[in-house]
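Protein chains in written order, with our numbering: chain A, 318 to 566; chain B, 32 to 617.
Among the hints, a few may not be true.
Derived EDC-like pairs: lysine to aspartate or glutamate, alpha-carbon spacing no greater than 16 Å straight-line [as the list claims (entries may be wrong)]:
no. : chain 1 : residue 1 : chain 2 : residue 2
1   : A       : Lys453    : A       : Glu434
2   : B       : Lys345    : A       : Asp439
3   : A       : Lys453    : A       : Asp398
4   : B       : Lys345    : A       : Asp442
5   : A       : Lys453    : A       : Glu436
6   : A       : Lys487    : A       : Glu434
7   : B       : Lys345    : A       : Glu404
8   : B       : Lys152    : B       : Glu193
9   : A       : Lys487    : A       : Glu511
To be clear, the hints were calculated from the coordinates, so they are not data collected in a lab.
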Amino acid sequence: MIEVSSLTKCYGEFTAVRDLSFAVQAGEVMGLVGPNGAGKTTTLRCCTGVIPPTRGTVRIAGIDLATDPVEAKRQLAFFPDEPRLFEYLTVWQHLVFVARLYRVTDFPARAQTLLAELEISDQRDLLPGALSRGMKQKLAIACGLLHAPRVIFFDEPLTGLDPAGIRRMKDTMRRLAREGSALILSSHLLSLLEEVCSHVLILKQGEKIADGSLAEVRARYARQTDASLEDVFFTATGDDRIPPVLGQP
Amino acid sequence: MTLALVYLQAMVIRNAVAQRVRRLRQPRYLIATLLGLAYFYFLFFRQLSPRDAGPGAPPGPANIGLLVGLSVAAVIMTGRIVYSWIFSANRAALSFTEAEVAFLFQAPVPRRVLVHYKLLKSQIRILFSALLFALVSHRVGFLGGNVWTHAAGWWILLSTLELHSIAASFTRERLLEVGLNPVRRRALVGGGLLLIGVGLGWWLRRTVPAPSAANLAEPMAIVHYLQGVLATPPVSWLLAPCLWILRPFFAPNLAAFFRALGPALLILAAHYLWVIRSEVAFEEASLELARRRAERSEARRAGHWSERNRPARKRREPFDLPPHGLAATAFLWRALISAGPWFYPRNWLFISAAVVSTMLWLASHPAYRTVMVVVQAATLPVGFWVLIAGPMLMRREVRLMMQRLDVVKTYPLRGWQVVLGEMLAPIALITAIEWLLLAVLAVAAATLTGEYGSTVLFSGLGVVGVALLVPPVVGLMTGIPFAATLYFPSWMSAVGQGGGGLDVMGQRMIFAGGYLVVLAAALLPAALVAAVLYFIVLWLAGSQAAALSAGAGAASLVLIGELATVVWWLGGRYEQFDLSAELPPS
Chain A
318 MIEVSSLTKC YGEFTAVRDL SFAVQAGEVM GLVGPNGAGK TTTLRCCTGV
368 IPPTRGTVRI AGIDLATDPV EAKRQLAFFP DEPRLFEYLT VWQHLVFVAR
418 LYRVTDFPAR AQTLLAELEI SDQRDLLPGA LSRGMKQKLA IACGLLHAPR
468 VIFFDEPLTG LDPAGIRRMK DTMRRLAREG SALILSSHLL SLLEEVCSHV
518 LILKQGEKIA DGSLAEVRAR YARQTDASLE DVFFTATGDD RIPPVLGQP
Chain B
32 MTLALVYLQA MVIRNAVAQR VRRLRQPRYL IATLLGLAYF YFLFFRQLSP
82 RDAGPGAPPG PANIGLLVGL SVAAVIMTGR IVYSWIFSAN RAALSFTEAE
132 VAFLFQAPVP RRVLVHYKLL KSQIRILFSA LLFALVSHRV GFLGGNVWTH
182 AAGWWILLST LELHSIAASF TRERLLEVGL NPVRRRALVG GGLLLIGVGL
232 GWWLRRTVPA PSAANLAEPM AIVHYLQGVL ATPPVSWLLA PCLWILRPFF
282 APNLAAFFRA LGPALLILAA HYLWVIRSEV AFEEASLELA RRRAERSEAR
332 RAGHWSERNR PARKRREPFD LPPHGLAATA FLWRALISAG PWFYPRNWLF
382 ISAAVVSTML WLASHPAYRT VMVVVQAATL PVGFWVLIAG PMLMRREVRL
432 MMQRLDVVKT YPLRGWQVVL GEMLAPIALI TAIEWLLLAV LAVAAATLTG
482 EYGSTVLFSG LGVVGVALLV PPVVGLMTGI PFAATLYFPS WMSAVGQGGG
532 GLDVMGQRMI FAGGYLVVLA AALLPAALVA AVLYFIVLWL AGSQAAALSA
582 GAGAASLVLI GELATVVWWL GGRYEQFDLS AELPPS
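Only chain A is shown next, with the shape it has when bound in the complex:
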């Protein structure tokens, strides 16, 4: 579904991502983790066609993103950490707009089903300004899922959500994977990744540190069999000293 090969992204003399290769298959959820500045967002942007890679290839559902970007983008959806909505369009008008861009033939039926599933049918005539953060996130998801993407990218999907919103978001991601989509999920919340992801890719300073199923990565880096992803992360990134408690010497 997603095949990334030798992806490199340079900003002048600075290399943000170096020779990164990985693959995510249908039904898999891959967690993209790493410390700040590891290259997660750059990787996501390159994989979604937002920025061109300096070197390497990205294939979405078998289509090369560089040679056929339109068809490749038709297969993907990207959810940034902050929902980007149009202030003057209602919930339903957002879906009308997206349906035209993606040429969704069975638009009204699909849109109504999505709104019902996401429990925002009652808000279809409201403007984003009248929606809560969680509702805006749901609208962004409805827009992203309208064209039935096969590859889905999430960047910090839980930002600003309340506990109920967090639970719904996790359920949505699990359901999408069950339905056969390939998901990449970038987050600092290791507990979220542990709950939702089947695979994990750890980056540090633009390079791949670890890649594989959770069990594989745990087996490679964990000192104990029941080690958490947090322990694995600190061991893998070589930053396993216990951070000092704030305010104490």
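With the hints as your guide, set chain B onto chain A.
Using the frame of chain A, we list chain B on its own:
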């Protein structure tokens, strides 16, 4: 404590200046700054010749302009102060940023130190404004003094107004605390002022003779009469405080300036004491003010210049948007909803029909011939202004697009589709306005020439010809800010955010110059082709109407071709556009 706040302000200024200086390493900022400096030099500083530092305008009755200016300014200032006491509802709020509120309000900083910090901060703005205003005002012929007396005069005036505004808000807050709500306060102040007004009127009727025919014979006589009224006590007593504050600015020479300085500084000092000694809690209102300011800034960054522009309820669609068809239409559909129902096709047709019908009705009544003259004279400059200023709308659209580029770039669209989509709405809106103006102009011109019959074909063809040219010309002009954003994104961002500084001013000048050059270059091929075809058809067919039609049609085709090329070229640039330079790597 005070030192910490001085340090804070000093560091803020130093870092802001350092950031601007560092930017000068980039040639585009350096060039823009040099251009901005040159603009300032030629507009202001070159005028600072030695004569400006001299004694200034001669005093005495000959300089009536000074006296009138001083009196008018004093009346306006008094009126402004009275108005603020009656109508202003501002609470005791000092303007702090959200960061200042977060750091200072919870810190053990005494209230008086906070007030001083606020005053110190406002002084930086006031000093800069005073200098800038002085550079302009010292060139006004009838005002005396030099640039430095003007700067000092402006400083005293602006500082006093600032202090008065704060002190008045503190006093209003205090009155609120003792139970005098705004309605009662307005009634009390308004009632008091009414009494004073009635008393003054009664007094003036007894002491000042009514204006005679000679007093009203010519403008100067009226001025002299009013001067006499304003100089009569007790009117002069009422205006005295404002006059004292204004006199340094209106001083014709250095001697008069120093004589006027003492009373003005005394009033300034009294205001300072008033502010400092007012024991009023301003924290809550300041917090609210900081929040509102942050919201306004955020709205401006998002391209909304007024909070009131935010829609309160759903806007219906301008037209049906089926899932099939040109993707660019979806952008137009979305932008029209954003623009509001005035520009929906059906509504605009209705408005246009109403305007043209009114024009035709006016044209059928000779009594309204003057209206036609005014309309004809006004339509051309308005149309030209819309043509030049309208495409600037594109800057806002492109800025909004850049803000959500990480989503827009995931749309399954070619670059040219996105570019065309973003350009369609400005083209449609400006074209609609221009076509309406053309229709109005055609009716007015036909009415004034009085020849509907013989020239209707010629005029009609002329109007249609120009109407055909409008959309591609607007499209080309709309493409300029789009191209500037894609090629100089950080530059356009700075211009669009309305920031200050010499480099931003220089950038605006370069942008305006480039705008005209590109427009001329785009129009030249179309004009050449049109001229050639016009003369060929005129020679072959002998009909000016046919030649005009052929010329306009050919020019329109050339411009459409140019527009298509521009859209294709910008589309390619959009596809290659790398956000890396704008977004920090992570």
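So, going through the hints one by one against the coordinates:
1. A/Lys453 <-> A/Glu434: 15 Å, holds
2. B/Lys345 <-> A/Asp439: 14 Å, holds
3. A/Lys453 <-> A/Asp398: 12 Å, holds
4. B/Lys345 <-> A/Asp442: Measuring from Cα to Cα gives roughly 7 Å; hence the hint holds.
5. A/Lys453 <-> A/Glu436: 12 Å, holds
6. A/Lys487 <-> A/Glu434: Measuring from Cα to Cα gives roughly 14 Å; hence the hint holds.
7. B/Lys345 <-> A/Glu404: 10 Å, holds
8. B/Lys152 <-> B/Glu193: Answer holds: B/Lys152 to B/Glu193 is near 12 Å, not above 16 Å.
9. A/Lys487 <-> A/Glu511: It holds: about 11 Å lies between the C-alpha atoms, which stays within 16 Å.
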